[in-house]
Every structure is written in structure tokens, then in C-alpha cells.
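Asker: Sequence order for the protein chains is A and B.
Per numbering that gives the first Met the number 0, the very first residue in the first sequence carries number 0; after that it's consecutive.
Per numbering that gives the first Met the number 0, the very first residue in the second sequence carries number 0; after that it's consecutive.
Derived from the structure by calculation, the hints contain no laboratory data.
Cβ coordinates follow ideal geometry from the N, Cα and C atoms, glycine included.
Here are the simulated BS3-like cross-link-like pairs (lysine-lysine), alpha carbons at most 27 Å apart as the crow flies:
#, chain 1, residue 1, chain 2, residue 2
1, B, Lys12, A, Lys238
2, B, Lys8, B, Lys297
3, B, Lys185, B, Lys297
4, A, Lys448, B, Lys345
5, B, Lys1, B, Lys12
6, B, Lys1, B, Lys185
7, B, Lys413, B, Lys345
8, A, Lys238, B, Lys8
9, B, Lys413, B, Lys512
10, A, Lys210, B, Lys345
11, A, Lys210, B, Lys413
12, A, Lys238, B, Lys297
13, B, Lys297, B, Lys1
A short, non-exhaustive set of chain B residues, derived as facing chain A with CB atoms under 10 Å:
#, residue
14, Ala77
15, Arg97
16, Leu193
17, Leu224
18, Asp262
19, Gly365
Just the calculated beta-carbon pair ranges, DEER-fashion:
#, chain 1, residue 1, chain 2, residue 2, range
20, B, Phe170, A, Asn1, 39 to 47 Å
21, A, Ser437, B, Pro356, 57 to 65 Å
22, B, Glu382, A, Ala321, 49 to 57 Å
23, A, Gln105, B, Lys413, 26 to 34 Å
24, A, Ala321, B, Pro318, 55 to 63 Å
25, A, Ala321, B, Asn467, 31 to 39 Å
26, B, Arg451, A, Glu393, 41 to 49 Å
27, A, Phe179, B, Phe170, 32 to 40 Å
28, A, Lys448, B, Gln551, 27 to 35 Å
29, B, Ala215, A, Arg350, 33 to 41 Å
30, B, Phe170, A, Lys448, 52 to 60 Å
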Amino acid sequence: MNRKQTLHRLLRLLAPAWPVLAASLVFAAAGVGLSLYSPVLIGRVIDCIVAPGRVDYAAVRPLLFQLALVAALTAAAQWLMALCNNRLTYRTVRQLRCTAFARIQQLPLSQIDRRSRGELLSRITSDVDQMADGLLLGFSQLFSGVATILGTLGFMLATNAAITAVVVLLTPLSFFVASFIARRTFAYFQQQAAARGRLTGLADELAGGEKEVQAFCGEARAAARFDEANAALRSAAQKATFYSSLTNPCTRFVNGLVYAGVGIVGAFVALNGALTVGELSRFLSYANQYTKPFNEISGVITELQNALASAGRVFELIELEAETPDGPVQLPAPDGHVELDDVSFSYLPERPLIRHFTLDVQPGRRVAIVGPTGCGKTTLINLLMRFYDPTDGEIRVDGHPLPSLTRRSLRAGYGMVLQDTWLRSGTIRDNIAYADPSATDEEIVAAAKAAHAHSFIRRLPNGYDTVIGEEGGSLSAGQKQLLCIARVMLRLPPMLILDEATSSIDTRTEAHIQDAFAGMMAGRTSFVVAHRLSTIQSADVILMMENGQVIEQGTHEQLLAKNGAYARLYRSQFAPAE
Amino acid sequence: MKHLLRYLKGYEKEAVIGPLFKLLEACFELAVPLIMAHVIDTGIRSADTGYILAMGGVLVLLGALGLACSVTAQYFAAKAAFGFGQALRGDLFRHVMRLNWAQQDRVGASTLITRLTSDVDQTQAGLNLALRLFLRSPFIVAGALAASLWIDWRLGLVFLAATPVMALVIFGILRLTTPLYRAAQKLLDRLSLLTRENLAGVRVIRAFSRQSEETARFDAAADELRALQLRVGRIAALHNPLTCVLVNLAILVLLRQGAFAVDAGRISQGDLVALVNYMNQILLALVALATLLVSFSKGLASAGRVCEVLAEAPAFESPAEAPAPVSGAARVAFENVSFGYEGGEKELEQISFSALPGQTVGIIGGTGAGKSTLVNLIPRFYEASEGRVLVDGVDVRALPFARLRGRIGLVPQKARLFAGTVASNLRMRCPDAPDEALWAALETAQAADFVRALPQGLNSPVAQNGRNFSGGQRQRLCIARALVGSPDILILDDSASALDYATEAQLRRALAKDTSGRTTFLVSQRAASIRHADTILVLDDGRVIAAGTHDQLVHSCAVYRDICRSQHIEEGL
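In isolation and in its complexed conformation, chain A is listed as follows (with noise of 0.2 Å):
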């Protein structure tokens, strides 16, 4: 997205806001026109005091009665404009945020395995921030530093024309000095940049893998590698920071002969009478006011680039494809009658994974999976959840096609139990009522004790209120994964699908859960896939997946007999070792 786009894009989203942006800007000329007629009455004020018994009291009186007037008013606009910018910047920065977010819930999966969570997480927390920060920035100072410079601009021409010749042609030096130093900090800003992104890589491999490192005595050398990397940040980031504070000096100095050069030529004009001293007073004061906003607009364009870039990227997140619209159809309490039609997919074009796969499953049925790591048991998963949506052929639940339903009804009809267990930061309760928040603690207390975790919930301090951290906290793999099966034991719906799902349970807890599943699983068709015998043996049907195809299909004794894939995998996993 080029930087046209996205400051249109911004343009758009901030639209709706129209009242409040006009609002700011209003006050911003009202709160700098104020303060400049400021200096003309204090000029004013001096002009009547002159020297010992030329002080003319009566006309200074109401002189400083305006002045208060002008002054409170002043404040007041200055107040109201940043109360705007405030509004107009968070609500949105908000807005952005929340629909960056709810955008995610949108995306086809497919763009979200393809991305590293990190940038995505990035694009919602650390890109709104630089945004917010650029905005609120950019409202408060570009406003009022533009009618800043036009409104001096107009007071000091209507004073004297040769003065503000000299400011104007001055001034603008700063600006080139501003950019030149701008222009030549650029490379150090970007070494500075990639010096903190190894930084961060290197804090996150070794903070996520402390444990090995003090297993391993690695402290001494792990803290040697960060010392390296820090270093070199240190003398990145030093750099940077130095060369680019160099621009306030600069331009300060721009100031300073700015104010010098009007300070002899009105000392000059005021000889030849054409000046008095309130009015050369005056001029002083608005050399150092016209000046300033050049300086912070340097700083503000740098700012608001930034934000652009930043801006750019939520945009582009922002307008990412969603998930093709639901299916009108509601699916009722399915039956469970699944057919696979003549499917194929793949994640890239050029690398096929499925190919022509029909499979008809009677409800009811129990389907085992089973094959190598990375030959398309988990894609399958993906095909029947539609998380993905097969390049080819048909997918049919209770005779329905998937496009057809809403996902909602579709993935109610299905549980779930992944070997990836996934609880969110919150108490246990939570996470077991996470189908359902309005389920009842009795039937939350039924479904621990159905997925046998109700012992090891009541020994935590708080029990069932207990809080879990980031990813499960200190529970071990089994514990998440018990928990992960209550969560679908609350409200079973009609079709299971296991992928691995007592991987990390013992194998006695194991048997207590696939009773427990079995009673439920009469009459529930079922998708299991499993590297334990027990669980495979049991199934209706057995599909053996290797590359993506199913190279074999039938009952565990039909599969053995057959002498093929299956029954190679069966005798090196399952036979006797010794």
C-alpha cells in the first residue's frame, strides 16, 4: 500500500469524525490568533510607558484588562483543542484496532498459518501505538504550528514589511538543516533497527529457553551472546540518537540569527522612526513563536512518516480478503453422515497433498487415521472444519455441501480435541465453559470428572477458580490436555474429532476417558486420529494416509491380512520390542 493510499484510507476513517476535527481546528486557530494578539497588547502597554513622567496610566488600565481576557481565552481554546485532538486520536485508534482484530477473526486460516504471529501481533499492538502516537502528535502540533506561522506571518507584515523579509527569508534554513541532518541519520536509524531486532530474537529464544540454559550451565556464555548483541545495539542506538538530537541545536541556532537579525534591523527601522520599541517588542516575540513550529514540524513529519508506514500496514491487514460468506442453510442436530466427494487440495498450487479422496462415512462410525508425520491426517481436520476449503470436489454433511451451511453450525456439530492444546489466560472454570459461559457449575464439575480432571483441579490452590496463565502457565502437557477434553465433554455435540488428543495423558487415565468417550460416542461419528493401538484397533474403519493420499482403507483385521503399509507401521510401532 504506497502512502497515497493509506493517508486516503486514514482520510476515510476519519471522516466520520468530521465535527470533532473541525472542532480542533477551530479552536487551534482561535487558541493561536489569541495568543498572538497577545504581544500586540502588551507592545501596546509598553509604548504608553515610556520613561519617568510619560507613563499614561489611564490608557494601560484598559490595555491590561484585555490582556486577562485575551489570555483566559487563550487557555480555554488551548484546552478545548487538545481535549479534540485526545478524542479524535484514541477513538480511533480504538476503531482501527478493534476492526484489525476482528478482521483476524475473518481471515481465512490459510492467511494466518502463512504469517508468523509475531507480525501479526505487531500489526495490532506495536503499528496502532506508533500510529496513535503519530496522530495525537500530528493534531496537536501540525495545526497548530501551520496557523502558528500564517498568523505571525499576517501581524508581522501588517507591522512592517522589511522585518518579516528578514524573518521569512531566515527561517526556512532551519528546515534545511532539519533535513539534511534527517536525511543523513536515515542509515543509522536502520542499523539501530536491525540491531534491536536481533536484540528481541535473541531475548526470545533464550528468556523461552531458560530452563535448557540452567540445565545446561549455559548462563555464563548465554549471557555472553546477549552481551555481544546489547553492545552492539548500545552503539547503534547511541549513534542514532546523537546525529538526530543534533537537528534542535541546529535549527535553534537558525533561531538564535533569526532573532539577532531582527533585532538589528528593528533597531535600525526604529532609528529612522518607523518603529516604535512596544512594536520592535512585539516583533521579537513573534520572531521566536514564527520559528518554533518550523522546528517541531521537522519533528512532526518525521513522526507522522513513521505513523504512515505504521498506518499502512493495519490498513493492509485491515483489507485482507476475508473468508468466503457463509451458506444460508442452518444445520440441525446432524446425523452424522459424512461423504468426502472426489476431493483434492493444496496449501500451494505447485505441491499437491490430497487427491481425488471419497470416503462415505455411515453415522455413527468410528474413523481412525493413522500414517507418518506430515502426510495430511491434520489437513483432513482442516477439510472437515472447514478451516480450509478443498481446491476440488465436495464435502457433505447429512447430504448438505459446506458452502452451503453457516460454519457456525457446522463446527457446533463437531468436537473437537486437538493434540495442540490451546487454554486461554482466565480461571479453570473458564476454559471448561468456554462452549457455553451459561453452563452451570454442577454440569462444569460433571464434565471435569468426565475427562477425569476433576482431581487435579481441586488439589490447585483455588480449585476450580484457579487462573492459568499465557498458554496453560505451570500445568503440565497431560493436565492442558484433560482440561482441553472437558471443555468438549460439556457439551458433546453429535460428531468427534480427535486428533491426537490423549497424546500427553497416562495410559490408565487414557483408558478412563476412551470409556468415557466411547459411552458417549454410540450413535456420534467419529474422526480419531491416534498412535495407540487401543484406539485404532476399535474403529469401524482405518484409513492408513501416507503423502497426502489414503493408500489403504478398511477394518484392522482386513488391513493386517493385506500384508501392505499398514501392517509395516503396526509391526514396528506396536509389536512387542523385546
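Knowing the structure of chain A, use the given hints to seat chain B on it.
Answerer: Only chain B this time, still in chain A's reference frame:
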């Protein structure tokens, strides 16, 4: 937070020179209104063009000197601030590396990473700002105050009265906003947690069709953040208007009293202009301070977060000296050991057993029975709450970490490799192990074949977390890594789960062949994996309910019998 300042050690000179030059620059700036006053009073009054030009020259010179001082100040400030940041980050990292496992579980890696990276960045940026500019504004205020008193002490009283009020406004705002900025940072953390969690659980969320609830949850957090930001904004936005009103009020009083002073001949018109200019300089300095305060508040909030981690004291430290091993003692012994997380129930209760050199101990039991916790007590990753864990007759609490852990080879449940090469991963504990030792370990771990098949062999690259290897390969590399350096104690924590039965059996045979006095702990859920162990501990709910050999347990322990049955090990039953 004060103790963070100790990281400035070694940069005291820079930390003083930086602000000092900044102040020098401020002096030059402060001189400008005085010179203008002279231009007005002397130059214009007596129409002395030479004087005006000379003073103009002085103004330019002051500007140039100011520039030089300012550049010097920036240089030293940056040097001090980034030196500080480097020292702080390095120390923080070392501190993080000393946290024990219970603390790591509680705190979580992701927040440690943020604190090591962006929070340190914010803190050092805050310091840099403070060194460069924070002193400047108060100094300009003080200087302007002094200059005004020098011009006319009675009018200077106006400055003297106005300045404390302004300082009060600034510090009041800072006091009110800092905790709010910290709260905002926390909410940002929460948004990032929600997002990360959602990306990780995208399949489950969709399977349960909970997208709209997740979105609502995120929206609620985003709304909370917005409300808080608006609240901080309202307070912070008061700064400029309030100072503007105060300064103008002061100018008002100044002009009114100045009128009398000029009338009485105490000061000149130029002096009055200078006084007004000084008041304006104060205003500008305070406005600049306001912008700084926002960044500085953020820096303070981050510094607080860094301090939180530093305050997380390691629950136990490595002792300096090691007592001599007791001859004839068991290699590993547990004496009435109990363990529980703080506030939780006991995970392990009253565990006692001992293992001799050369022995293999099998540990089996249900999910959550405490198998991993038990073996992790040996390298002192967790510390027993009651009882003693002894290695060679010495309490592990008396052994320096390096001495204790240097003798233990651990294969954790989750196989994690580091970015680098196969060799660099294998050499984690013994950086100078020869290639032959690596190959020997790979042979034992059943990993030699696939490593040999890699185009670059031992020097093949390993991606972060070993993503370029399959689960089974990762696990075998982790086993080899633990074997390099011939540890006296080997702990395999359910670390053959990704291996098929045949490979696991080969691994077990290879390990048995090459014991050389090594004591091995095998944690497993597969009875087949541990049945040949010299002692098998059967764990249930944190207690050892039976101990003995396979044959003994099959007869004496119903739970063990059950486990074997569920795994179709009928032999000996």
C-alpha cells in the same frame, strides 16, 4: 527506583558534563534579552549604529557558542544514557537467568522479553531526555528569575511568587498522570496477550464459533484503554493552558507594577521589555517541559516495570563452595522430600529413595502425579519445601549450581533446541567437547544416522526452536545433547514420547550398554520403557505408593498391574 541510578556507574563524568553544557547553553540564551534591552536603551536611544551592530555580532556569537555547548551536551548525555541502558539490560538479563523455574512459570517468558527490550529502551530514552533537557527548563526558569531580581528586585518578586505556583502545577500533573500511564501500559500488555492468545488458539476459537465473544472481549479491553487514555489526556492537557494563564497573569502584574517603576525612574523601558521577555522564556521553557513530561512519565512507568523484575529476588542462590562428597553415599537420595508451590497443595509428599551409581530408576504414574517435579528437584530447579535431596551424600542446597548441574544430563519434556548448528547445540554444556564425543552421543541417542545424512553433518544449521527438524529428530538431538560430557546423572523426562517403539527400544539398549557408573532416571508413561529399571517408583497423587523391580511390582502393586494391562504388557502378569 532510585537504585536504578547505580547503573550510571562509570558514566558519572558524562552524566555531569552533559547537563552542565546544557546549562551553559541556557546561560547564553538567558543573556539574549539583556542584550536586547541594551540595544533598545543604549543603541536606539542614543542612535549609536556601531553599538547596535556590535550587539548584533554578540548575539550571533552567543548563538554559535550555544550550538557548540549543546552538541557537546547531546554527545555526553547520549553516551551516559546508552551506557546506562546497556548496563541495566545486561544486569537485568543476568537477573532473569537466575530466576528459578517456579518464578519463570509464574512470570512467563513473554513479559520478560518485553521488559528486556522495550521497557529498557523506554527507560534509557527517559534518562537521555532527562540529562539533556530536563534540567534545562528549570534552569532557564531559575536564570530568568535571577536576571529579573538583578534588574529590579521589587519586580523580581512577581517572578518569585509566580514560579512556585507553576512548579506546583507541573508536579501536580506529573503526580496524577504517572500511575495512569503505568495502568495504560498494563492494558496494552493485556491487548497484546489477547491478540497473541487468539492467534495461537484460532482453530479452537473457530471450532467453538466464539469469534464474536472474543472480539467483544478485545473490544472491552480496547474501550477500557481508550477511557483511561482520555482520562490521562484530560489531565495532561491542562498543563499548557494553566501555565499560559499563570504567565499572562504574571505579565499583567509585571506591566502594572512596571508602570510605577518606570514612572519612578527605577527601571528603563528596555528593562521592562527584558522582564516581559524573561517571563515569556519561562512560559516557553515550561511548555517544552510539558512535552517532555509525557515521554518522561512513560520512561518512569517502564523503569517501574524493570524494577519489578529486578525485585523478583531469586528464591535461592548458588553457594560459593562445595563440601566434599561423602564416600560410600548413594549417588542420589531423597529423604522425606515434600514439595508444593507457594499457596498450593503439596505436589510431592514424603518421598524417600536412593539410587546408587550405575543404577537406573524408572518413574511411572498418572498425569499430574508429580513425576517431572520429582526429577527437577535433583538439579535444584525447584527446591524441596521439606526434607533433603542429596547427591553423593551432600545436600543439593550446599552445592554450587555449576558443580551440581554440570554433572547432570537432562532431557526435558519439551524438546527445545537453540538457533545455531547441530554441533553448537550438542556442545551446550561442554564447549570444547571433541567431535568424536559428539558422534558417540549421537550414536547412543539414535541420531547419528540422520545427522550423517545432513549435507553439512554436525555443522548443519538449526533454526530457532529447532523448527527445521521433526519432533522425533529434535527429541533425539536433545538426548544426545544431554549425553555429551558423560554426565554422572542422566534424567530422561518422558523424552522418548515422539519416538516409535522400535527406536525407543534401540535407545534403551544403547543406554544400557554404555552406563559407566551413570545413574539414570527414566520418567515415562510407557511401562515398556521402564520395566528393565533397577528400581521402579510408582507415583500416585504426589506419593510413592510402591517401589521395586518390574517383577516385584507386578505382584505387589495393583496400580502398576493396571498400567501394564492398559498397555498390553501381559508378560509376567
